Amino acid sequence: MPRITRTPLLIVLCTFTLGLLFWSFPDSAVVQRFPHLPGQESKKDGPPKTPKFKSEPKWTPPPVSDPFSYLEHHYPPEIPSWNVPDPNLHEKHGLSIAPTMFVGFGRTWPVLLQCVVSYLVAGWPPSQLVVVENTGVQLANKRGDLSLQNPFYLNYTILQDILGVRVVRTPAILNFAQMQNFFLNQALENEWEYYLFSHSDQLVFSFEEGLEGVTPPAGEEGYKPMYQLVVESIADARKNKPRWGKILYAFNDYLTTFNTAVMDTLGGWDSMIPFYTTDCDMYSRMRMGNWTDIQTKAGHFNDVGSVLNDLRVLYRDPAVIPQIVDLNPLPPEKQKKQDEEILAKAKEKGEEPIVKETPKDVNWKDPKEYYNALKNVGDTMRRIKLSNNGRGRNTWQLAQRGGRGEPYYYDPEGIDWAINSLTDAGRRTYKEKWAAEKCNAEYTGLGLDDAWRVLPQSEW
1 MPRITRTPLL IVLCTFTLGL LFWSFPDSAV VQRFPHLPGQ ESKKDGPPKT PKFKSEPKWT
61 PPPVSDPFSY LEHHYPPEIP SWNVPDPNLH EKHGLSIAPT MFVGFGRTWP VLLQCVVSYL
121 VAGWPPSQLV VVENTGVQLA NKRGDLSLQN PFYLNYTILQ DILGVRVVRT PAILNFAQMQ
181 NFFLNQALEN EWEYYLFSHS DQLVFSFEEG LEGVTPPAGE EGYKPMYQLV VESIADARKN
241 KPRWGKILYA FNDYLTTFNT AVMDTLGGWD SMIPFYTTDC DMYSRMRMGN WTDIQTKAGH
301 FNDVGSVLND LRVLYRDPAV IPQIVDLNPL PPEKQKKQDE EILAKAKEKG EEPIVKETPK
361 DVNWKDPKEY YNALKNVGDT MRRIKLSNNG RGRNTWQLAQ RGGRGEPYYY DPEGIDWAIN
421 SLTDAGRRTY KEKWAAEKCN AEYTGLGLDD AWRVLPQSEW
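The sequence shown lines up with residues 1 to 460 when you count with the UniProt record's numbering.
If you're looking for bench data, these hints aren't it; they were derived computationally from the structure. Treat each hint with caution, since some may be false.
[Stated by the list, open to error] Pair by pair, the computed Cβ-Cβ distance ranges are:
(1) Ala319 to Arg287: 22 to 32 Å
(2) Pro48 to Ile162: 45 to 55 Å
(3) Gly267 to Glu191: 16 to 26 Å
A quick note: this is a predicted structure, and the numbers were derived from the prediction, not measured. C-beta: ideal position from N, C-alpha, C; glycine also.
Required output: the full structure, derived from the provided sequences and hints.
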């Protein structure tokens, strides 16, 4: 009862005090103390200034095209018979569950679609491939509210109904570290002992030409497509390497299998390091905890920023010939100059020049010749991205410039600027956390408990 009787008195006193405060000060003093009050402009600053806007860009890349428009009226071609996955393969290797691969999507639909289709044609089961829509547009893509030129555009019908892969949505845009923790969360919730992650800018092939010590060529007895090699690597790690933390199938973490229990033990990814160097932090902590990295081979992985003209080429359809499409080209005169500079650098280093044109002396009706030519085109796409002459690896993420007026619209260049800003902040956070400039925190003798406790290396 005493509290109930005091409450009105407190309200009266607070109201009286606030009234006295505003009555006691002249208008200028109130504005000075409360500059955010609506309708209060400072008299000394004069009338509000007229905003000035950035100039419109002199060059805008051409609109992107869907690289698999064939699916608008057809089902996809059949994948090569030698890559068709065995649905019971995991059980034959002693695994209780088939491995699930996550592919995160933030923007640039043509690159994602190319990645997904290349995995399916290489023999990955569609039921075991999960696209994580990390666009923040809620149900807009599922309802079909976004256009192809919108960076956040994603086609549920093609992914789920036609290609047969699964799609899940994040509730808001997650940074890279947060999305990795989302994958971990899904694995924990589903009680998966292991799970895989692939970058969305990958163009992959199984070793159809054969690789000594790994697999004979496609069509010969004992041939192993990508999915089989991945399943075997997981089975071997579980059996023979009790402290395995992750399995890498390429030079970088283009495709990686993670040990769920290890990731959970380490506390997941550091969300305070949102993008680049968050992998440095995670992998350093894995090695500090004496968890093993396994390096093995499963296929060809091309880190690309361009797309094939028609994804039917991945199915070796002789009606189409592979060609490279730059999603975000330079103006023609600048593009010509860059191509000349890249050619000059290649000659200087004694490297083979990058030839974008598709070879003409190929029998496209021969599956083996088609595969070899296609694999070479994929390697060219990789080299183009690698030699992007200072433009950066991720220019493809600015290919789509439309979508204004559509639900959840966000300016494409604004997205890019914001991510770069967060990336810079993450690098500073990593440096402060480990006193390390590069991905080498574990090599300085630090342990898991030393995070945030070490002085800068200049003071050692």
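Checked against the structure, which of the hints given earlier come out wrong? 1
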